Amino acid sequence: MKFKIKWDYYNKNKTETNFISEWIKDDVLLEIAEDLEKTGRVKNMSFEDETGISWTKKEVKKVLQRLEQEPDEFLLYFDASYNKETDETGIGVVLYYKQGAQQYRERWNERVEGLKSNNEAEYCALHYAVKRLGEFPIAGKKVIIKGDSQGLLMQLRGEWPCYEENLNRWLDRIERLVKKLNFHPVYEPINRNDNKEADKLARQALKQVMIESKQKLGDEE
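Heads up: the sequence shown at position 165 corresponds to 165 in the UniProt record's numbering, and the numbers run straight through without jumps.
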């Protein structure tokens with residue numbers, strides 16, 4: 001998680017002004033804050049996280065202690081592979097996250113029947129991915145969600161309309177689930193070449209090659 005430090009500064013003539021830092025990673029946040037305090041010219045220091053919540057120094061220390069134990073810095077990729085001859089869909093999801101000082105990657109896929117289009121398959125894939133996110137302590141945290149379904153992600157950002165009733169129902173399901181899990185999604189469309197991991201998992205699911213894995217990054221698979 002990243003934070004901004006906000007503080008009031010006063011000089012020897014008691015002239016005051018205020019400052020806001022750039023985003024600072026949690027592992028160096030307190031070190032920087034304490035360096036600022038050592039100047040002896042800082043008042044009213046506070047901390048703002050990526051979701052807009054403000055914390056005192058005492059409160060942010062407790063947040064940082066909790067973050068050392070919980071997964072954080074979530075990055076999720078999703079994709080779908082649709083067979084129009086059989087109405088079968090393969091779903092692929094890749095989740096990266098940090099826990100303490102260690103980075104992890106989890107991969108899942110799923111096979112679904114009865115969807116009616118490639119577009120619907122993409123919406124179903126994201127709904128499945130968000131459901132899997134519910135297995136993690138994500139309440140109040142930011143999750144970056146990437147996929148090559150630009151229309152879907154732009155609709156979730158509120159920047160594009162959706163005119164198909166069936167797809168609107170999927171949007172409603174996704175948004176209800178996000179609200180229930182109480183996390184802060186950041187939707188980022190990407191091109192297909194940047195989504196190869198999730199695409200491969202989706203294609204494997206269509207071939208009934210099912211994957212469910214967790215890997216500590218830096219270890220061999």
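For the record, the hints were derived by calculation from the structure and aren't laboratory data. Everything numeric in this text was worked out from a predicted model, so none of it was measured. Some hints here could point you the wrong way.
[Stated by the list, open to error] Taking lysine-lysine and the DSS-like style, the derived pairs with C-alpha atoms no more than 27 Å apart in a straight line are: (1) 43 x 84; (2) 38 x 62; (3) 57 x 142.
Outcome of the hint check:
Note on residue 43 and residue 84: the hinted pairing is violated, with a Cα-Cα distance of about 63 Å set against a maximum of 27 Å. Proposed proximity of residue 38 and residue 62 is supported: the alpha carbons are some 22 Å apart, at most 27 Å. A threshold of 27 Å between alpha carbons decides the hint, and for residue 57 with residue 142 the separation of about 21 Å falls inside it, so the pair holds.
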